[in-house]
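Trainee: Sequence:
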Amino acid sequence: MATSLFVPVAYITVLVTAMAIFSRVYRRRRAVSKTSIEPWFSNHPTREVYMSLLADEPPAPENLLKAALLSRAITDVQRIWRLKDDKTALASLHMRGLVGDDTMTRFAAAEKELEAEIVDVISEANTFKQGWGQFLFATATEMAQAEKTKEAVINMHKTRIAEEKRLARRAKYLLQKPQTQPSGPESQVQKVVAATGAAQSPAKVPLSQKEPSDSISQLTEGVRKESAEPKASMPVPSAVTPNSKGGGGKKKGKKK
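According to full-length UniProt numbering, the stretch in the sequence shown is residues 1 to 256, in order.
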């Protein structure tokens with residue numbers, strides 16, 4: 001009797017213990033995943049270069065620090081452009097349910113981090129010259145645009161070669177593809193139109209393909225028509241009398 005009660009109690013105890021351990025581990029991993037969000041951008045090399053130059057002993061020249069800060073601002077401008085492009089695509093995908101909330105959380109964190117980076121760059125620029133932070137990003141935008149145009153011009157040859165290969169492959173595929181007759185409603189309409197035109201305009205049969213019976217019947221009808229028509233009377237020459245010959249003929253008197 002004691003053995004029969006011990007088995008279900010032990011089973012329930014083991015089950016409850018396993019569920020408690022699983023719940024604890026799951027909650028811990030969930031909390032870790034929420035706190036440790038993967039950054040949208042991997043690293044910021046130009047910022048690291050500027051911070052290393054700023055911490056050097058002896059300090060780096062001011063012109064070198066300004067150039068490093070300008071390069072940092074150019075990277076920030078490029079990231080602003082990328083976030084604008086990604087925001088439109090992510091909004092569309094999130095509305096369709098193709099992107100989870102964790103991705104949107106990462107994107108929001110990247111936006112906040114970039115805003116803090118811009119404020120930090122402006123404050124660093126104002127340490128060199130008051131008001132320089134207002135013109136720093138304008139110059140960085142122009143330089144980033146020039147660099148973007150330069151990359152497009154450099155990659156134009158590669159893009160043209162890739163496009164030519166794609167068009168050649170497409171033309172080869174179209175030549176190898178067998179031409180099949182369409183089987184949709186348009187083909188049925190074309191068949192009906194062709195049949196109607198053939199019924200309205202009978203085909204002309206060449207003389208070489210006509211049956212011999214038709215030519216014989218036509219000849220017979222022509223002979224019948226000729227025999228039925230009245231023959232024209234030939235002109236009969238008038239009888240020549242002796243009186244009609246010459247004017248010297250003598251008239252015979254009547255016998256009394």
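No lab work stands behind these hints, which were simulated from the structure alone.
Positions of the beta carbon are idealized from the N, C-alpha and C atoms, including for glycine.
Hints should not be assumed to be uniformly reliable.
Unchecked claim - Label pairs and their in silico Cβ distance ranges:
hint : residue 1 : residue 2 : range
1    : Val14     : Gln78     : 54 to 60 Å
2    : Lys129    : Thr103    : 26 to 32 Å
3    : Phe22     : Gln78     : 41 to 47 Å
To be verified - Under the rule of at most 27 Å between Cα atoms (straight-line distance), these lysine-lysine pairs were calculated in the BS3-like manner:
hint : residue 1 : residue 2
4    : Lys165    : Lys84
5    : Lys165    : Lys87
6    : Lys84     : Lys172
7    : Lys165    : Lys148
8    : Lys84     : Lys129
9    : Lys66     : Lys165
10   : Lys66     : Lys148
11   : Lys129    : Lys150
12   : Lys112    : Lys87
13   : Lys165    : Lys112
14   : Lys66     : Lys150
15   : Lys150    : Lys165
16   : Lys150    : Lys87
17   : Lys148    : Lys158
18   : Lys165    : Lys129
Trainee: Could you run down the list of hints and mark each one as holding or not?
Mentor: These are the hints, each one checked on the structure:
1. Val14 / Gln78: 54 to 60 Å: Holds, since Val14 and Gln78 (Cβ atoms, about 58 Å apart) stay within the stated range.
2. Lys129 / Thr103: 26 to 32 Å: 41 Å, violated
3. Phe22 / Gln78: 41 to 47 Å: 45 Å, holds
4. Lys165 / Lys84: 32 Å, violated
5. Lys165 / Lys87: Measuring from Cα to Cα gives roughly 33 Å; hence the hint is violated.
6. Lys84 / Lys172: Answer violated: Lys84 to Lys172 is near 39 Å, above 27 Å.
7. Lys165 / Lys148: Given pair Lys165, Lys148 holds - Cα atoms ~25 Å apart, limit 27 Å.
8. Lys84 / Lys129: 30 Å, violated
9. Lys66 / Lys165: 45 Å, violated
10. Lys66 / Lys148: 22 Å, holds
11. Lys129 / Lys150: It is violated: about 31 Å lies between the C-alpha atoms, which goes past 27 Å.
12. Lys112 / Lys87: 13 Å, holds
13. Lys165 / Lys112: Between Lys165 and Lys112 the Cα gap is close to 43 Å, so the pair fails against 27 Å, i.e. violated.
14. Lys66 / Lys150: 23 Å, holds
15. Lys150 / Lys165: 24 Å, holds
16. Lys150 / Lys87: With a Cα-Cα distance of about 26 Å, the restraint between Lys150 and Lys87 holds, given a limit of 27 Å.
17. Lys148 / Lys158: 16 Å, holds
18. Lys165 / Lys129: Given pair Lys165, Lys129 is violated - Cα atoms ~53 Å apart, limit 27 Å.
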